[in-house]
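For this one, chain A is given, so just place chain B on it according to the hints.
Protein sequence lines, in the order shown, are assigned to chains A and B. Take 1 as the starting number for the first sequence in our numbering and just add one per residue. Take 1 as the starting number for the second sequence in our numbering and just add one per residue.
If you are wondering where the hints come from, they were derived from the structure by calculation, not from laboratory data. Just so you know, not all the hints are guaranteed correct.
To be verified - If you want the ones that stay clear, here's a sample from chain A, every Cβ over 12 Å from chain B, calculated: (1) Pro-145; (2) Arg-167; (3) Arg-186.
Said to hold, decoys possible - Going by beta-carbon spacing under 8 Å, a handful of chain B positions derived as facing chain A: (4) Val-23; (5) Gly-152; (6) Arg-181; (7) Ala-198; (8) Val-203; (9) Lys-207.
As the structure is a prediction and not an experimental result, all values here were calculated from the model. In this text, a Cβ means the ideal position worked out from N, Cα and C, and glycines have one as well.
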Amino acid sequence: MAAPLLDARGIVKSYGQVEALRGADFAVSPGEVVALIGDNGAGKSTLAKILSGVERPDAGTIEIDGEPVAFGSVEEARAAGIETVYQDLALCADLTPAANFFLGRERLKPGPLGLLGVLDNAAMRRETREACERLGVRLASQNAPVSTLSGGQRQGVAVARAVTWARRVLFMDEPTAALGVVQTRRVLDLIRTVRDSGVSVVLISHNMQDVKAVSDRVEVLRLGRRVARFDTAHVSMEELVGAMTGAFEWENGG
Amino acid sequence: MKALRLGERQVVWIGLVLVALLVAFSVLAPRTFPTSFNLLNLVSDAAILLLLATGMTFVIITAGIDLSVGGVLVFSAVVAAEVMEATGSLALGALAAVVTGLAWGVLNGVLVALGRIPALIVTLGTLGMSLGGALLLTGGVDLRAPAELNLGLGLARWLGVPLIVWICAAVTAVLAFTLARTRFGRHTYAIGSNAEAARRGGVAVRKHLIKVYGLAGLLAGLAGHLSLAKYGITGVSAHSTDNLQAIAAVVIGGTSLFGGIGTVAGTVIGVFIPVVLQNGFQILGVRPFWQQVVVGAVLIAAVYADQWRRRTRDR
Chain A
1 MAAPLLDARG
11 IVKSYGQVEA
21 LRGADFAVSP
31 GEVVALIGDN
41 GAGKSTLAKI
51 LSGVERPDAG
61 TIEIDGEPVA
71 FGSVEEARAA
81 GIETVYQDLA
91 LCADLTPAAN
101 FFLGRERLKP
111 GPLGLLGVLD
121 NAAMRRETRE
131 ACERLGVRLA
141 SQNAPVSTLS
151 GGQRQGVAVA
161 RAVTWARRVL
171 FMDEPTAALG
181 VVQTRRVLDL
191 IRTVRDSGVS
201 VVLISHNMQD
211 VKAVSDRVEV
221 LRLGRRVARF
231 DTAHVSMEEL
241 VGAMTGAFEW
251 ENGG
Chain B
1 MKALRLGERQ
11 VVWIGLVLVA
21 LLVAFSVLAP
31 RTFPTSFNLL
41 NLVSDAAILL
51 LLATGMTFVI
61 ITAGIDLSVG
71 GVLVFSAVVA
81 AEVMEATGSL
91 ALGALAAVVT
101 GLAWGVLNGV
111 LVALGRIPAL
121 IVTLGTLGMS
131 LGGALLLTGG
141 VDLRAPAELN
151 LGLGLARWLG
161 VPLIVWICAA
171 VTAVLAFTLA
181 RTRFGRHTYA
191 IGSNAEAARR
201 GGVAVRKHLI
211 KVYGLAGLLA
221 GLAGHLSLAK
231 YGITGVSAHS
241 TDNLQAIAAV
251 VIGGTSLFGG
261 IGTVAGTVIG
271 VFIPVVLQNG
281 FQILGVRPFW
291 QQVVVGAVLI
301 AAVYADQWRR
311 RTRDR
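Just chain A, same shape as in the assembly (with noise of 0.2 Å):
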């Protein structure tokens, strides 16, 4: 495994009486794609939101590039050029998918206009359609909010504004969980190619056979903790489910 490009170490957080993680560990190294499977409650979700500054931790250390960050924002996740795709889409049902896709990075207009606040609506809009034709994802129109829309162009709107902002991770929470067979063809080819651009992506799954299918380790979680790592292509499905239950245990023998 090269030099990590993330690196959590001993991330604990409790909301309440509940201890979601109990000292995790966490990595990822540059132009990877690692799966991040437990079981339910493992806290999964929570170091995903963890990493991209959605939540801070009570205690533990986040490295990036061998640096100590501290993310107290989701925006200071994002300078880092970390990105997210939501379980649930985190997408603003009543606006345009290019209000969403620049949800709190909007483009304003050049010139005094731009500094009163005044959006530039129009190069939103292409830019929107650009991406989301790169992404294959096809939108009637850019003036229907995003709840006129179907599961998978909603989903489609998501993971496109994700990947196009993403630098150097890229965190998918359960991208297939709401997909046909189809699309969900579609979002692995995707995380290939995210990869293959030189951004690493974190997939965040129950599917074993996704997980399988597209990823090059293998991290499992189990209340709260790191209990395995593997490589992919040496692993069998027996073994992940055996992590992720605890009926075999590991010492972070990756």
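Chain B in isolation, oriented as in the chain A frame:
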């Protein structure tokens, strides 16, 4: 034709209702209703409520509510009257009204955004506090505006239209543009549509909410000063239903109480429908109480239409 958004479609419908009312009253009372004198009366009656309703539009689009506007209006008017009494400066009075309104609005915003108290409760509380505070400051006796204000700004006209109407129209136009075309407006819609998504998108949700409630308070403060100029009196007991009138106007104008949808243009129409009804009924000799009944029915119909469209949309 480009697809109209939900809110925009309701604006078209409700605009047609307003046009139909104007035509009907003009036909029924051709010599008294469609006169420039009467129409100026109409816009004068609507102007100050329009400021409150425009601020309310922003608040409701964030999925919030502001019940305090009438109380903040009165409190700001009282402060302005006392400042003018003490200093003799009309400009300082206007400034005091606006700053006082802003302060109440920011208080609302801080309690809603940082205190995580429901907006309904926060603004119900500040409604009572501001109305009670106004009574404490005045001892329950309405203050009079200085004659220079009441006879000056209160009566001033430009191109035959009261200056107060121009001021309210200009402020509303600027805010309509702000909501529709700027980043501030975009974030307002985003928060009302999905606050968590907005936060994850990097929108400073709490700060933005404080600004939106602050804006509504500032507009209520300005409305307080203009109302003082127009009526010459603080009117402590005359504004207890301003909040409901403003909310009704906003909702009739197609803004969704669930947030994320709405326009200032719709609110302008929503302000005028009750005013036109009242004026028309008066002219036709219909008992004016009918206006309340009809506006109530229109309000329920508007919310029903919004619910129905949402159900058909969110399959």
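> In ascending order, which of the hints set out earlier in this document are inconsistent with the structure?
Replying inline: Hints 1, 4, 5 and 9 not satisfied by this model.
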